[in-house]
Structure formats: structure tokens, C-alpha cells
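Participant: In case you want the letters, here they are:
2 protein chains.
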Amino acid sequence: VIGLMTGPALANDSVINNIKNTSNWATQLGNYQGHRYSPLDQITKQNVKDMRVAWTFSTGVLRGHEGGPLVIGDTMYIHTPFPNAVYALDLKNEGRVKWKYEPRQDANVIPVMCCDTVNRGVAVADGKVFLAQADNTLVALDANTGKVVWSAKNGDHAKGETLTAAPVVVKDKVLVGISGGEFGVRGHLTAYDVKTGKQVWRAYSTGPDKDVMIDPKKTMMMGKPIGEADLGVKTWNGDEWKIGGGTTWGWYTYDPELNTIYYGTGNPGTWNPAQRAKDGKPVDNKWSMTIFARDADTGQAKWVYQKTPFDEWDYDGVNENILADLTIGGKKRKTLVNFDRNGFGYTLDRETGELLVAEKFDPKVNWADKVDMKTGRPQVNPKYSTFANGEDTNSKGICPAALGSKDQQPASFSPDTGLFYVPTNHICMDYEPFKVSYVAGQPYVGATLSMYPAPGSHGGMGNFIAWDATTGKIKWSKPEKFAVWSGALTTKSGVGFYGTLEGHVVAFDMNDGKELWRFKTPSGIIGNVNTYMHDGKQYVAVLSGVGGWAGIGLAAGLTDPTAGLGAVGAHANLGEYTQLGGVLTVFEVPNRKQSAELKK
Amino acid sequence: VIGLMTGPALANDSVINNIKNTSNWATQLGNYQGHRYSPLDQITKQNVKDMRVAWTFSTGVLRGHEGGPLVIGDTMYIHTPFPNAVYALDLKNEGRVKWKYEPRQDANVIPVMCCDTVNRGVAVADGKVFLAQADNTLVALDANTGKVVWSAKNGDHAKGETLTAAPVVVKDKVLVGISGGEFGVRGHLTAYDVKTGKQVWRAYSTGPDKDVMIDPKKTMMMGKPIGEADLGVKTWNGDEWKIGGGTTWGWYTYDPELNTIYYGTGNPGTWNPAQRAKDGKPVDNKWSMTIFARDADTGQAKWVYQKTPFDEWDYDGVNENILADLTIGGKKRKTLVNFDRNGFGYTLDRETGELLVAEKFDPKVNWADKVDMKTGRPQVNPKYSTFANGEDTNSKGICPAALGSKDQQPASFSPDTGLFYVPTNHICMDYEPFKVSYVAGQPYVGATLSMYPAPGSHGGMGNFIAWDATTGKIKWSKPEKFAVWSGALTTKSGVGFYGTLEGHVVAFDMNDGKELWRFKTPSGIIGNVNTYMHDGKQYVAVLSGVGGWAGIGLAAGLTDPTAGLGAVGAHANLGEYTQLGGVLTVFEVPNRKQSAELKK
Ligand SMILES: O=C(O)c1cc(C(=O)O)c2c(n1)C(=O)C(=O)c1cc(C(=O)O)[nH]c1-2
Ligand SMILES: O=C(O)c1cc(C(=O)O)c2c(n1)C(=O)C(=O)c1cc(C(=O)O)[nH]c1-2
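Those sequence lines, one after another, are chains R and B. So in our numbering, the last spot in the first sequence is 631, and the numbers never skip. So in our numbering, the last spot in the second sequence is 631, and the numbers never skip.
Hints are computed from structural coordinates only; laboratory data are not their basis. Among the hints, erroneous ones may be present.
Which copy is meant is left open, so a pair is good if it fits within one copy or across any two.
In the BS3-like style, the derived pairs of lysine-lysine whose C-alpha atoms are separated by at most 30 Å in a straight line are [to be verified]:
no., residue 1, residue 2
1, K241, K365
2, K129, K512
3, K123, K545
4, K184, K226
The shape of chain R in the complex, shown without the other chains:
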């Protein structure tokens, strides 16, 4: 009987099979490793200039559309921001709606979403579609009918908890994070049983080792066991760890061979570092800002690496960890590559957690001079230490801004070029911390920010870059007017794609970043560009719908420059380029027959 339940019916068999069929775009990041790469090659450097819109579909929802369409066989699955509608669209029938799921959610969820009412998409596995609703409901829908199979409660929005991250199915479990770092939420990653929705394990980001699922004797840090117990309590000022943030709203990756899942934790509790100091001194606030490698079955931490101990800038460390096999110093390594909010691109050994490379992926980064490769700790530049400068002092000219050199927008890795293609922000800030009291469900921020384009640069607020993670060097950099808040895509043919906040889909040459094509979709793009093949033809698809933190001024109708945690001012004139609206746009290159007919 046990055999029947755990044998060939493992849910991730379906995910693995769906990924293997390269016509599909089966998971939000394209594969478990987070590559956002497709071996499809019909759209080439030569013909991409003829790319045109094949069909479109309005989602019926305004505000920021993150994540992207999944395609499995003849069906495309798309989702929306709050109220989190999900559509199954029939690709054989011009995107006709096979089913629509639209939960009724308490609108009181909206004010506790820090950075727009976003949702990063659904997961499909085991004949089900998994959706993490803003109201903390994880729901499993029948993939054929859209009917609810089971649902589970993952949090409570009265405490400021919400869900925005895409769930990921690994083996027989669905992994779900939590949002609310700006509300003093104590972060965790939770695994639910795919079949029943029963909670299997929950690993907190702060607190005693038991809660964090750390074994100080076994869990590794910088190449050796952590040693000391309960650092998730000891590195905090009193009970601050209980409202200590370290939320888990980013992307989760998985190495099936190592049976390990990888994710990062967010900023510690309040943005006012003085409140988090212990006896007036900086303290690590573990395990905020940490990359976790966990056993996929038990949830136990295999290794940890904290990128920004004692955060003083909201360099929320949740960005995706891309798993790639790279040759470093002549040696083939199983690596993990992370482009952190703090502006450093990290390359680690994903088996051991050993730090291999840590370099700035935006040359303007100034809060730290470098990362000490022995200790793994950043060397903070005291000038930009908002703690050293003190409460109620405005620290100016800090790069990057709290938006980070990269935020939620996932990068891409091409196994062909061995390079990473990274949508980045090029924004700096002034940051003034102030005292704040914790009240459940109220913002627990304690800082006033203003943001602006990186001074002394090209004047724009974004770059799209190619990155060599073996050396930590930028190979090329392509400036953009606004933060590049959209996920990148690379393909076998050497053509890559990303979206812009103005709404362009951009195709570029993966060799040199040369722009090959650009098209203005209905609204700004903060979603991810995906590709798939249907009926023998390659398509590129993306959700437009401006919003997210970068577009919060437009999304929530804010105009005070310091509103939206400081993001509004920087993007004040975005409305001249684009307005709200959720639309799927599907592109194709017209086939050769049509091209030939043109001549006549």
C-alpha cells in the first residue's frame, strides 16, 4: 500500500516530464534549476525582426502582473494579481477560456501587501494547478476543470502575512513561502502534501534551531558546521526575532540529483537598524538575508550563507538561486549563482555552500567595498552605514537603493554561452531610519527613503547585463530608462528577451547585447518573458501590467515621492509611458510561406 502511494505517482515525475518536453514552459523559471532558458530555436537573430503579435488576452485585472504563462501541451495557464484569477486557455482554440478560477478574497489583504498586489504565478503538477492566494490560502485546482481539490491556510493577513510567491512542487510536496517583512512577519518556508494539502514541515527563518530546522553540528556555513546553537535567537535584540522578517517571497529552485531545495530569506524586521542592534552593537540577525539549502524531503538545512548580516538598507535577500554547472579555475563545479538585492553577484558551491565568487554586478554599488572571501561578510563602507550614521539621520547617495541592484525579476542562464543574463536596477537612495513600534498588521518599517537614477551614469534607472559568474565580471551592459523589472529569457538560437517598465518586449543578441527588436505591449512589463512551441511553431509570451514595487505609484495611485517606501519619486514620470492593464501578448515569427507570398 505504501508502495502505491509513494511509487511512480510522485508529483514531480509529472513536473520533470513536463519540463523535459521542451515544447512546454512548465514552471515559472522554466526548469527546476531556474535557468529560464529554452532549447527552442525557431526564432533566430535573422528572423526575430519580423516577430509580431499572434494573439492577445486581457486578464480583466489592473495592477502589477508578475510571473508568466505556463504552457503544458495544448493548455496555457495564466494568473492575475489580487483577486488572483487563474485562466486555463485552449491553445488549439485561439486562447479560448477552458476554465476560470476566481477566489473571493477579503479586500483587507490589499493594504498589507507591501509592494503592489502581485502574484508570481502558478505551478502545475500531478494534474493540479497550485495557486498561492494573497489571502494566505494555498489552493490546488483540478487542472482540467479549475475546481478546487483542496486548500490550506498558510498565514493570517491580520498579522500582515500575505502570499505573492509562486509555489513550487518538489516530489510529493508543494513549497510555499510567506510575505510581510515590512509588517514584522516571521518568515518561513512550508511544505504541503501535494495530494492532501496537509502541512509536512515548516522551516522558520529566525528563532531556535529546531524551528529553523538547523542542526548546528551538521548544517554547514562557509565550508564547516555552524557549530554554535540557536544563532537565530542569539543574534537578535531580545525577542526581535519573533517579529524578525526573513520572509520568503522570492523564487525557489531545486537540484533533483542533490535532492536539495534553495531559497533566500528577506530583510530583518524593522528597517531601522538601531532597533535591531544588541547592546548598541550590530548583530547578525540570523537567519535573515540568508541562502538556505535544504533537504527536499525533510526540510533540514544542509547549508546556509548569510549575504547581508545586520541589514541597514532593506537588501532583502530573496532573489532566485540559479543552479548551474560551471568551470571555475579549470574545475567543473556544481554552483549556485545569486544576484542579490545588495548588488553582489555570488557564486557558491551548491553542494557545500562554499563561497567561490562575490563581485558587484553594478559598478555603482557603494554600501560595501567588497565581500571578504574568508568570512563571507561584506566590508561595509561606514559612510553608507545607516546604523553608524544613526537614527533620524539621512544617509545620502547609497547605491543600490532599497529596490536593490536586482529585485524579484528573475535572471536567465544559458548553458550554451555559460553566461547569466540579468535584468537590473540602477538606482540609488537616501535613507533615514526612525524609531517604530510593532503593532500586528501595521507597517513595521521605520525608515524614510528617496530614490533616483544612479548619479554619474547614463541617467537611466536600469541595465540589462550579461554576467560571467566564474569570474564575477560584467560581459556587456545595455542601459534602460527604467528599472528592468521583468524576468529574462534566453534561447538556443542566441536570442534573448526581457521586458521594460514602459511595456517593451526587447529581443537581444546574447553575444553582445545588441538590440534586435522591440515592441510596445499595452502596459509596463514586470512579468517574465516565456517561450513555448505549439503545433510545431515557437511562440514568445508575456504578461504586461505595470506595477510591483517599481510601479507602485501607478498601481496604487500614489504621487508623494517618498510614498511606496520611496519608489514613487524615482518612477514619477512612468505614467507618460504606460498605464495599468493586465494583458497577455503572444508573439510569433510569421512563417516562411507567408513571407514568400508577400513578394507577389
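Fit chain B with the ligands to the supplied structure of chain R, relying on the hints for placement.
Facilitator: Just chain B with the ligands now, with coordinates in the frame of chain R:
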């Protein structure tokens, strides 16, 4: 001084000049005569199959988008449903927003809009953009800056009055109608001074001749003076004329040579005919359901023609009156052609109001057998008389439904073919009138309706037809799944266009209706397809955004089949095809150079 004010600066000089420049699309109906025809011919029967999206722009507003983009020189003006935003887009700069106007309007307006929160577009004249806001504010904006120059109050939503119609500038006046026939609003057309916003005249649709601006000795009806005075009072039951409907929410056309404006009035007060009968007998309820020809300066009625006296079906007579010079019986006539809600296509002499042709433009029309050409009155089929059948009796199988054989969607006239191209509905209904009391600001309907595709036909709810108005014959008819609720466009090259409720833009051969091309825009189309030339290239542009009466189920989230005055049931499965979302889509045919390059 008077010379300075009334001389060469007449506002309609600018309109006439803007229309003359055929690169523009200068008025909602393309020209004063309502032709919706363009002499542009770059997009041909041969190359239209290569038409593709040039650029797009989300309006940031959901619900039904009617009307269409105006293009004057390098600027495109678009508008949205409530809250009635207006954008000026820079065509030299990929549609970048030059300015945005967004009024703050009382949301209590929304529930008194009968048929979605639509707006049929702006007018541009005299350096100003004129917008009729839902809240009854007529506003003149500076065309360069979007700043308010003046505003005028045209009604009161507390009484159920709203504005949806596009204003039209004729000479030094702006013409504005009124909506609210379903709330017992007494209709009128009002002229405001273009420079100051001062009211110049107001002509009511019901009441004493003075109010209606009729001179019974001079105003013609069926070729002779009306004769009898105050029919707008006498043909009503008591004071019913004061809440008598006859609203004016359709399109207004203008003949500069005859200096005459043309428009129609809507249904009389309640939909329950028993309440409007006088001494238990049908009575005309004049001047509801009437085509008015008025002097453009004085507003005085030149002639009238009532199409559906004593309406028993909500065959609201506001549809556009297209002015065309046609040869009938060997004689060149200045005609007016009207495709009425009631299913008859009327051809009248627009100088005299003489009735020339009145034939069914949908063969399924059954409420009347024909129009008596002597009296101009329909011969009502008693079986479908909701008055004869009586209150609280459900009259079944009436064709057309209250949605009419055509509603707000404007038709097109091609001077090249001499034919009319008409988007039509193919829907029938059951209609059960009941007693209702008038309460200001509350619905004054008094009927329960259900609607369904015309039985015994192709199963769809729409046809797009070509019509010969000289003989009253359908030349060809092209079936559609849903009501064709979008305005048609014809062009010199013999290619015509319309939109579908599913969201397709369709290109057809004007000779035989053969479909040449079809593209799925983000949302259902109830706006009008327009064309223009910029920088030497022809574009086709349309606003998507499903809604209007036909799409009210989706727009307002209604599901009861008899909700939305009966329109919901008929379009119950529209949501399988499209969802809400306001998006401008601009199309082009890629140029030959690009096509040639394709070969390499
Ligand atoms: O601390 C948190 O829990 C949390 C949650 C989220 C979120 O769930 O969207 C964001 C952030 N923080 C954040 O710091 C951030 O920059 C951010 C950007 C966005 C976005 O979608 O554009 N979300 C979030
Ligand atoms: O009687 C009125 O005043 C009135 C107003 C309107 C309107 O303003 O939109 C419509 C109607 N009636 C109406 O009968 C009707 O069929 C209709 C359709 C639509 C639409 O935009 O789809 N509006 C209206």
C-alpha cells in the same frame, strides 16, 4: 469686434479642415455626414493579410470602451469609460502620453448608467478637446495641455441623467445629448458656445412645441407641415411626457450645405406601454423615437419623422443618421439613411424628411410586417404587441430584441460602392411588461426581458451586412457568433473593418463580405475601428474593452439571465472568449522593404 469673434475663427472651420486632411481621423464618425469612410488606400485586399500590430496602449480602465481614437496631425486622442480619462498620445513618439486628463467624478453616477459606464468619445475643435463626462459635465480641455478651459453642467445624476454620447462641434457650438431613458429622464439636445461654454439653445424631445423647438406651421412631417400644435404633450397620458424619455444618447450628424443637424430620440419613458396609453389606447408619445432635422444655428426643427410611435419594445430610436447622396429611381437625392433599433433601414430625403425606403435589414424582424409608405407608420403584428398582449403577459419570440437589430454601433457608407456596411444584432426576445412607479433617480423600466439568438437562423447573434439603401435590400450578410457591437469602417481600397464582441478585428472585402483577415485583440470590441495616416503610412486603430449593453454581464459582473435588462442571458458565455480590459491596438502593414528583406 463682433467680426473678430464670429469671422474666420468659427470653430467648425477647424473641424472641416481637420476632416479635409484625409490623414486625420478627425471626428468620431470620420466626417460630419457620418460615413466612417476613409480615402486612404495603402491597406489593400492583397496586403491586408499581412496586417500586424504596430503598437498598443492600455488605458488603465476596465469596462466597455466605445467610440474610438481621433487622430489630428501628430496627436491621437483617446478616452475611457467612467472615470472618463482622456489621453493625448504623441504619434511621433510611439504613443507617449503628452497629457492625461482624469476628472474626479461621483461614483454614484455609475448605478444610473443603464448600459455600462460607456463614453463614445471626444470631439476636437478650435484648439480644444470636448468631453461629455458621465456626471453631466461638459468640459473643454486645451488640446495642447489637457487643462480645463471651461466646463458646463448639462444635467443631474440624482434624477438619473448621465452623459455617454460624443459631443459634436458644429460651427461655434458644441452639441450635447442626455442619457437616462430608463430613469424617466426627459430628453434634450443642447448647444453650448464653443468659446465660453454658455448654453445657447436646448431642444427637448417631449412637451410643448416651444420646448421642442417645433413650429407646427413650418416643421415638416412626411412632406407637409405638422399642423397640429403641441403633439409632444397631446400624444401622452397626462403628464407622462415630463418623464417621457426620448433621450439623445446616439450620434449626431451635420450637413454643412443645408446647415442642418440630424439626430434621433430614444424610447418613451417606461417600457410598460399600458402606462403610456391614453384612455386605454395606444398614442404616439411624440417626439420619442423620432429623427429630428434642426437648423444648426437656431436649433429650430426643420422636419421630424417618428419611426416607432408608441414603442412597446424599447426600440430606442437614437441610431446615427448617415447623410449620403444616392440615386433613387434615376434621381440623385440628398438622403439620410438610418438603421433603426426596430430593424428597419430607412432612407429619407434629408432636405424634406420625405420617406423614400423602409425595409427590414434583418429578415427575422417580426414585430411589424412593413412600414406604410404613405403614413410612415409601421404595421405592427398584433402577436408581438406587448400592449395588446397586456401587462404581466410574457410576449414571446419578438424580433429584434430590445438590443435592436442595431444599437449604438455606427455603420459605414462608402461613396465608392454606394453601399452601407452595417454591424447588426440577430437576437430575439420575450418581453413581459409590468406596472412601475416613477421615483426620481430610480429605474423606470417596468418590463422583464429575456434574449436569445434569432431562432431558425445560423445560431449566432450577429450579422455584418452590406445594404443598398436605394432599394432597401441586403447585398450580403456575414454571420457572427455574437452581436456585432463595434462600429464599421470602409476604405477606398475596398477593404472594410469591424470588431467583434470576442475581440477580433475583422477585415472584409467590401464587394462580397469575404473575410480577408482577423486578429484577436486583448478584449471584446464595442468601439469603432478608425484609420489614419502618419508619416506617410496608413494605420488602423481600435479600442478594445468589452462591455456596453451587450457585454454588461462581464462589465458589471452580472449572471442572472434577465439581469442587465435582459442582455445577460444572451451573452452568458462571452466570458469564455474575452475578459475586461481597455486597450488601444494600432495596426499596420509592414512595408515592402521589410517584406523584401524577409527573403534573405
Ligand atoms: O519583505 C517582504 O515580505 C516583501 C514582500 C514582497 C512581496 O511579497 O511582493 C516584496 C518585498 N518584501 C520587497 O522588499 C520588495 O522589494 C518587493 C518588490 C516586489 C515586487 O513584486 O515588485 N515585491 C516585494
Ligand atoms: O435611454 C437611454 O437614455 C439610453 C442610454 C444609453 C446610453 O447612454 O448608453 C443606452 C440606451 N438607452 C439603450 O437603450 C441601449 O440600448 C444602449 C446600449 C448602450 C451601449 O453603450 O451599449 N447604451 C445604451
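Participant: Each of the hints needs a verdict: does it hold here or not?
Facilitator: Here's how the hints hold up against the structure:
no.: 1; hint: K241 <-> K365; verdict: within (29 Å within a copy, 90 Å between copies)
no.: 2; hint: K129 <-> K512; verdict: between (39 Å within a copy, 18 Å between copies)
no.: 3; hint: K123 <-> K545; verdict: between (35 Å within a copy, 24 Å between copies)
no.: 4; hint: K184 <-> K226; verdict: within (15 Å within a copy, 62 Å between copies)
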